[in-house]
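Asker: Sequence:
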Amino acid sequence: MLLNKVLAHGARAGRIVEVEAYAGALDPASHAYRGRTARNATMFGPPGHLYVYFTYGMHFCANVVCGPDGAASAVLLRGLTPLAGLEEMRAARGPAARRDRDLCSGPGKLCQALGIDRAFDGADLVIGDGGVVLGDDGTPPPRAAGVSGRIGLSVAADVPWRFYVPGAVGLSRSR
DNA sequence: CTTTGGATCGTCT
DNA sequence: GACGATCCAAAGG
35 MLLNKVLAHG
45 ARAGRIVEVE
55 AYAGALDPAS
65 HAYRGRTARN
75 ATMFGPPGHL
85 YVYFTYGMHF
95 CANVVCGPDG
105 AASAVLLRGL
115 TPLAGLEEMR
125 AARGPAARRD
135 RDLCSGPGKL
145 CQALGIDRAF
155 DGADLVIGDG
165 GVVLGDDGTP
175 PPRAAGVSGR
185 IGLSVAADVP
195 WRFYVPGAVG
205 LSRSR
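The number in our numbering is simply the position in the first sequence, starting from 1, with 34 added.
If you're looking for bench data, these hints aren't it; they were derived computationally from the structure.
Errors might be hidden in some of the hints.
Unchecked claim - Computed cross-link-like contacts, SDA-like style, restricted to lysine to any residue with a CA-CA straight-line distance of at most 25 Å:
no., residue 1, residue 2
1, Lys39, Cys100
2, Lys39, Leu168
3, Lys39, Leu117
4, Lys39, Arg152
5, Lys39, Gly164
6, Lys39, Arg133
7, Lys39, Ala57
8, Lys39, Pro200
9, Lys39, Thr173
10, Lys39, Glu121
11, Lys39, Asp170
12, Lys39, Arg127
13, Lys39, Ala153
14, Lys39, Gly165
15, Lys39, Ser188
16, Lys39, Ile185
17, Lys39, Tyr87
18, Lys39, Gly162
19, Lys39, Asp136
20, Lys39, Ala179
21, Lys39, Leu120
22, Lys39, Asp103
23, Lys39, Gly91
24, Lys39, Pro81
25, Lys39, Pro102
26, Lys39, Gly101
27, Lys39, Ser182
28, Lys39, Pro175
29, Lys39, Ala118
With the hints as constraints, model all of the structure from the sequences given.
Answerer: Written as structure tokens, this is what we have:
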């Protein structure tokens, strides 16, 4: 359960409030569906590492590899509540992020805000090599997490594998 | 508030 | 050669 864990890069940190699950080779919507390639190699590795990919010619998205070595299961980080390093986040995001709640309210946004790019692909989030760490500040997972279909997919979007903290700051807009 | 279209390029077919 | 686990600005209500 990643909800309410904390992702930090240097002085910048945010609480994970929205995620989506991808079930490796069994999931038509997963990058791992058509087997291992140079791009998705990290997903096929051990859990606890960061899988970062580039899409739409301009955005990065970050996943946490969660299945055992070889399973290629991963969880996409879709939304964070900004906790620290807000000034740095604003500088990285630019004028488009008018309110604090806009800083990390989307998969591409949170990567831009935290300064995560392809160079961080494969980083170990537990020991924090590369400067990106996944931590726990004692906040328990939500008593009742919200659930919905996944967003932005052309296949298997109806599978209810999007989980979020109801009412939290930093959720991407739901449909 | 909602809807719509453009930007932009690495990766796989 | 096509398309994507997206975002944003602009335009209309």
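Asker: For each hint, tell me whether it holds in the structure or not.
Answerer: Verification of the hints:
no.: 1; hint: Lys39 to Cys100; verdict: holds, 14 Å
no.: 2; hint: Lys39 to Leu168; verdict: holds, 7 Å
no.: 3; hint: Lys39 to Leu117; verdict: holds, 12 Å
no.: 4; hint: Lys39 to Arg152; verdict: holds, 22 Å
no.: 5; hint: Lys39 to Gly164; verdict: holds, 19 Å
no.: 6; hint: Lys39 to Arg133; verdict: holds, 22 Å
no.: 7; hint: Lys39 to Ala57; verdict: holds, 21 Å
no.: 8; hint: Lys39 to Pro200; verdict: holds, 15 Å
no.: 9; hint: Lys39 to Thr173; verdict: holds, 7 Å
no.: 10; hint: Lys39 to Glu121; verdict: holds, 21 Å
no.: 11; hint: Lys39 to Asp170; verdict: holds, 5 Å
no.: 12; hint: Lys39 to Arg127; verdict: holds, 22 Å
no.: 13; hint: Lys39 to Ala153; verdict: holds, 23 Å
no.: 14; hint: Lys39 to Gly165; verdict: holds, 17 Å
no.: 15; hint: Lys39 to Ser188; verdict: violated, 29 Å
no.: 16; hint: Lys39 to Ile185; verdict: holds, 22 Å
no.: 17; hint: Lys39 to Tyr87; verdict: holds, 22 Å
no.: 18; hint: Lys39 to Gly162; verdict: holds, 14 Å
no.: 19; hint: Lys39 to Asp136; verdict: holds, 19 Å
no.: 20; hint: Lys39 to Ala179; verdict: holds, 14 Å
no.: 21; hint: Lys39 to Leu120; verdict: holds, 18 Å
no.: 22; hint: Lys39 to Asp103; verdict: holds, 22 Å
no.: 23; hint: Lys39 to Gly91; verdict: violated, 29 Å
no.: 24; hint: Lys39 to Pro81; verdict: holds, 16 Å
no.: 25; hint: Lys39 to Pro102; verdict: holds, 20 Å
no.: 26; hint: Lys39 to Gly101; verdict: holds, 18 Å
no.: 27; hint: Lys39 to Ser182; verdict: holds, 20 Å
no.: 28; hint: Lys39 to Pro175; verdict: holds, 8 Å
no.: 29; hint: Lys39 to Ala118; verdict: holds, 14 Å
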